[in-house]
Every structure is written in structure tokens, then in C-alpha cells.
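Chemist: The hints should help you fit chain V onto chain G, whose structure is shown.
Residue numbers (full-length UniProt numbering), protein chains in the order written: chain G, 1 to 223; chain V, 1 to 223.
Hint data in this document are derived by calculation from the structure and do not stem from the laboratory. A quick note: this is a predicted structure, and the numbers were derived from the prediction, not measured. You may find that some hints are simply not true.
[To be verified] Straight-line Cα separation of at most 20 Å, EDC-like style, residue types lysine to aspartate or glutamate; simulated pairs:
#1 Lys-137(G) / Glu-127(V)
#2 Lys-65(V) / Glu-93(G)
#3 Lys-80(G) / Asp-91(V)
#4 Lys-80(G) / Glu-111(V)
#5 Lys-65(G) / Asp-91(V)
#6 Lys-112(G) / Glu-111(V)
#7 Lys-3(V) / Glu-93(G)
#8 Lys-112(V) / Glu-111(G)
#9 Lys-137(V) / Glu-127(G)
#10 Lys-134(V) / Glu-125(G)
#11 Lys-65(V) / Glu-138(G)
#12 Lys-145(V) / Asp-91(V)
#13 Lys-134(V) / Glu-127(G)
#14 Lys-65(G) / Asp-162(V)
#15 Lys-134(G) / Glu-127(V)
#16 Lys-137(V) / Glu-125(V)
#17 Lys-134(G) / Glu-125(V)
#18 Lys-80(V) / Asp-91(G)
#19 Lys-65(V) / Asp-91(G)
#20 Lys-87(V) / Glu-24(V)
#21 Lys-82(G) / Glu-93(V)
#22 Lys-34(V) / Glu-24(V)
#23 Lys-65(G) / Glu-93(V)
#24 Lys-221(G) / Asp-162(G)
2 protein chains.
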Amino acid sequence: MAKDMTLLWGSGSPPCWRIMIALEEKNLQGYNQKLLSFEKGEHKSKEVMEINPRGQLPAFKCGDKIINESCGVCFFLECKYKTQGTKLIPDCEVGRAQILQRVFEVNALVEKSSSVIYYNWMVPEGERHDSAVKRNKEALTAELKLWEGYLQASSGFIVGKDFTLADVVVYPNVAYLFHYGLSEQRYPKLAEYYKGLMNRPSIKASWPPTWKNAPKQETLKDI
Amino acid sequence: MAKDMTLLWGSGSPPCWRIMIALEEKNLQGYNQKLLSFEKGEHKSKEVMEINPRGQLPAFKCGDKIINESCGVCFFLECKYKTQGTKLIPDCEVGRAQILQRVFEVNALVEKSSSVIYYNWMVPEGERHDSAVKRNKEALTAELKLWEGYLQASSGFIVGKDFTLADVVVYPNVAYLFHYGLSEQRYPKLAEYYKGLMNRPSIKASWPPTWKNAPKQETLKDI
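Looking at chain G on its own, in the form it has when it is part of the complex (with noise of 0.2 Å):
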């Protein structure tokens, strides 16, 4: 059925997950994929540096058509597929509206989590400051009480009482936060909506493999 279609990614990768919450939504299973890893480094290998010159994952084709962004894709796919599976934007404007600005929104959300989860990782060692690091958990703490805040405010999704795009979008990186740590008591309406689509088809069907047994991680424990 997306025969057409050729997915390059990475387990546990909220970009690449984006995409295959998409795919299934859209009922468009069939597609060529493979699982690289990127502690092997694939991701730089020839065959992602064809799709994506960054040597990143997701590297996603249709047919000759290449996007690697995974919201560019959601939107494309969206867009191609529109009456065919889960309608992801509504046409009602109100909705359109709110899911628009979630969709953006979150890159202050993914950034606020990257500066703290890979502090270590894009920080060399001389360059390190507990005063950052206090920084950037702060900041976080303060990004998710404004999404905890949205949850309270909806009705089980992220805008309003259906499944749209945003959740496409923002369900992997919640359920990214929940993986490393962060904590259920403190953050009680962003585990609701973590625990309550954890079984949805389209996202049990493209849970990260190599979170399925996975040690508890603790790096968000304390936020």
C-alpha cells in the first residue's frame, strides 16, 4: 500500500517515531523501513547521507520526493492522504487553529529537554557548570507545568477531545520524558496522557524497540 515509501530510523527517536504514528494513522503500513542505530553510528552511513545529506534519522522518501523533517512529513502525508484514515487536521478553524500552534510550539519543549537530558553528551567536560545545569532544569520545569497546564485545559489530547496531529507530534516527546525519568506524581495530567495512549494501534505498533524492557533511566528524576 506505501510501497512508494522508504523510512530510514532510529529506536526511541521522537522525529522518527513522528513519522511511524503517521504512517499508521494514515493506514498506510507497508512501507519499506529499516532500524538503524546510532550508537553504531548509521545514521552516517552512505545510506542516510543519500537521503539526508545531515546524516540524521528520520530520512524519509516518497517516492522521488525526500523530506526529512518529521512535522514536514506528518504535514505531506496529511496532506496527500486527507480523506483516507485518522483526520489529523480538522477543518474547523478553531481546532486548526490550537493544533497549529501546539505543533510549533513544541520545539521549545524538545529543546528545553535536550539541554538537560544531553547536557553531558553537547557539553565537553571543561566547558561544564552546575549553575547551567540548575539553569536548564529550571527552564524545563517551567515548560512543562505550561504543558501539564494544556492537558488540564483538554479533554485526553493534546487539543481538545479528538487525536489530531499535535499528539503525532508531541506524544513521542512526553512519552521521551517519561523514559527518562521524569516523574508521574509531579506531572500528573502529562502521565495520564502518556499512560492513556500508550495502547492506541498507531502507537503501540511503533513503541521503540529498544524501550520494551529497557532499564528504568533516573536523568529527569529530579525535575
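Modeler: Structure of chain V alone, referenced to chain G:
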């Protein structure tokens, strides 16, 4: 004509400028707008916070629909006024795929520009390192070479030979780089793009007022 829209903006902010260009391209002049001063902290005013609780500009409203993410606003306007003014997203799938790729890929350019331009603003004095400054500059140089290559392969616009959503989103960031002293000699395709679109009516009409007759900045002169 666009009396139901309100834009609170700051001069020189690429996200604010994107919305203004999109509004011009879609023939949506006559919206309510107010220029606020970052220097005076007006982006943290009650007036802004009521629309954008992050206390950031732009703050944008269309009727009772609020979208503050600039790219979200551009998608919203293109969708609402599909047949009015410039067609910003083509029906052609090849073009659409390329445009979506660049619209989201611009985040890498923004992030790498900001880490150089705002280093002293973002990093407290005691945490600054020459090695970090050098690394950030190298990352920006590598990023700029990618965009130089994209322009080499296109025909005067970010994608192909027409002005699209990719230009609405990317142009303000390119102009920003040159405002901060990027070398026109070292980045000739970016410079050609910058100067080539400077007099396009939508861009000319929305040119940042504080940039007119401003002294030349030198922050990026050695990039």
C-alpha cells in the same frame, strides 16, 4: 479587510516579520498592529501576556483564534485564504515536499545563528568559553554552506522559481544574518537572495523600521 486580526510585534524579530510578509502576500492589509519594544520589556506587558502567555513576540489573534508560533500563523493564513494573493504552498507534490522540508529545516539555521549572535546574552559571564564560541561559529559556518548550496540549486527563491512559504519563513532569517554583518563575499548566493528579494513589495512594506539607517553590525563578520 483584515480588521479581525491583531499582531503585536517587535522590529527585527524574524518570527514577527514572517507573519507580516505572509499577511502582505495574502493581501491582508489593514490588520490591527502594534510595534512594541523589546528593549523596554514591552514583550512582557499584560497586553502581550493576554495573547501570548510566554511573554514573547509575535502575539497574533485572528478573531478569537490565537496562534503565536509564526510558522503556524503562516500555515493558518495560507489555509484560510488559499485562493487569495500569492499561492504559498503549490498543489504540485514535488514542490510541496521541498517547501515543507525547508520550512521546518530553518530551525537548524535559527538555532545555529542564535548560538553565535546571542552567546553573551544567553551565557552568563562566568560560564563563557572561547572553545564554545569557536565551536558555535564552526557549526554556523557549516549550516550556512548548506543553505548556500540550496540556493545554488534553485532559481532565485528557496525552492524552485516561485516565491513560496519557504521564502516567507526563511527570508527574515537570511536578512537577519546580513544585518548582523555576514559577509556578502563569502556567501554570494545568500547575498544574491537577500538583495534580490529586498524590494519585493511584501518584504519592502514590512522591513524592520529599526534597521533603516542603523549602523552596520559586525557580530558575524568573521563567519
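Chemist: Now look at each hint and say whether the structure bears it out.
Modeler: Hint by hint, here is what the structure shows:
no. : hint                    : in the structure
1   : Lys-137(G) / Glu-127(V) : holds (16 Å)
2   : Lys-65(V) / Glu-93(G)   : holds (8 Å)
3   : Lys-80(G) / Asp-91(V)   : holds (10 Å)
4   : Lys-80(G) / Glu-111(V)  : violated (30 Å)
5   : Lys-65(G) / Asp-91(V)   : holds (14 Å)
6   : Lys-112(G) / Glu-111(V) : holds (13 Å)
7   : Lys-3(V) / Glu-93(G)    : holds (17 Å)
8   : Lys-112(V) / Glu-111(G) : holds (13 Å)
9   : Lys-137(V) / Glu-127(G) : holds (16 Å)
10  : Lys-134(V) / Glu-125(G) : holds (16 Å)
11  : Lys-65(V) / Glu-138(G)  : violated (30 Å)
12  : Lys-145(V) / Asp-91(V)  : violated (29 Å)
13  : Lys-134(V) / Glu-127(G) : holds (13 Å)
14  : Lys-65(G) / Asp-162(V)  : holds (18 Å)
15  : Lys-134(G) / Glu-127(V) : holds (13 Å)
16  : Lys-137(V) / Glu-125(V) : holds (18 Å)
17  : Lys-134(G) / Glu-125(V) : holds (16 Å)
18  : Lys-80(V) / Asp-91(G)   : holds (10 Å)
19  : Lys-65(V) / Asp-91(G)   : holds (14 Å)
20  : Lys-87(V) / Glu-24(V)   : holds (12 Å)
21  : Lys-82(G) / Glu-93(V)   : holds (14 Å)
22  : Lys-34(V) / Glu-24(V)   : holds (16 Å)
23  : Lys-65(G) / Glu-93(V)   : holds (8 Å)
24  : Lys-221(G) / Asp-162(G) : violated (30 Å)
In this structure, the earlier hints numbered 4, 11, 12 and 24 are contradicted, and the remaining ones agree with it.
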